[in-house]
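In the working numbering, the protein residues as written are 30 to 315.
Cut-off 25 Å, straight-line C-alpha distance, at most; resulting in silico cross-link-like pairs (DSS-like, lysine-lysine): (1) Lys100 <-> Lys201; (2) Lys300 <-> Lys182; (3) Lys100 <-> Lys129; (4) Lys201 <-> Lys129; (5) Lys100 <-> Lys196; (6) Lys196 <-> Lys129.
Label-pair restraints from in silico Cβ distances: (7) Gly189 <-> Trp267: 16 to 22 Å; (8) Leu219 <-> Ile130: 40 to 46 Å; (9) Thr285 <-> Leu187: 30 to 36 Å; (10) Phe304 <-> Asn209: 23 to 29 Å.
Note that these hints are calculated values from the structure, not bench results.
Using N, Cα and C, we set each Cβ at its ideal position, and we do this for glycine too.
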Amino acid sequence: MTYFKISLLFCLFLSLNGICQTVKPTQSDTLKAVAPADSAAAADSTARLKKEEAAKAAPVAASDPRGFHYKITADGTVTAGNVNRALIQVGGSFDWAVSKIFRFASSPTFAYGQQNQQLNEREFLADFRASYLHERRFYYLGFGATEISNLRKIRNRLTGGAGVGYKIISQKNAYLSVTNVLLYEYTDFLTNTAEVQDVNVLRNSTRVFGEYQWDDGRYSVNHTVFLQPALNQPNLRWNGSVSFQMRLTALISVRTTVQNSYESVVAVGRKNNDFRWTTGLVLEVK
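All chains should be modelled from the sequences, with the hints used to inform the complete structure.
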């Protein structure tokens, strides 16, 4: 009977040991030796690992994979009491990669701001961009845009141009590019004087755009800077923005954005520089 108990305990020990080895997490070990009998399988496995490592190291375009993608964001602030203020911002990003050669994109934005029942901001911008050879590091682009601004007393601003772009960094979690285009601008101000007339200019526009993310996309930072001097008259425009975003859920994030715009030629009664710093919740649909 004692011998039977010892045998039973020994078998139970072997069974538990086998179970523990089965549920232990496996770890990848590329230096692990392979038996000579499995040399053909080892060669296939090595080739597969090298292919996977090369794919991981290869640059990934910021808007990969090809196809149609969209993102819509909305945030704002509302206060009531001694000061009644409301600011609402809605933005979208639409991207359609038709093929390895052509890609179309648009990033419309709308902002509405009111203080003490007086309209301050009603800003609308719609653009359309087309790029050629977009999957290459050096590519070509063309675009057109229309803008309406109550803040700057702009009835309508039309721009269009074409140029080249270069991807300095193009990876899954980091993207940095610079573009340079020649563009035409027509700005129709709500008010005209002898000093300030509607604008017809030819500009050289340089844009630096970057987008970075970490922790599986939970945190992200993006920045955009435009420098646009006129070529046929003294007229300079530049604007830039930096945003930090932290994702709370698949749909909701917290975002803070700093924006600054400067124009040397503005409507009567308007200042040359505008600064905006907003923080709020973002509802994001992809």
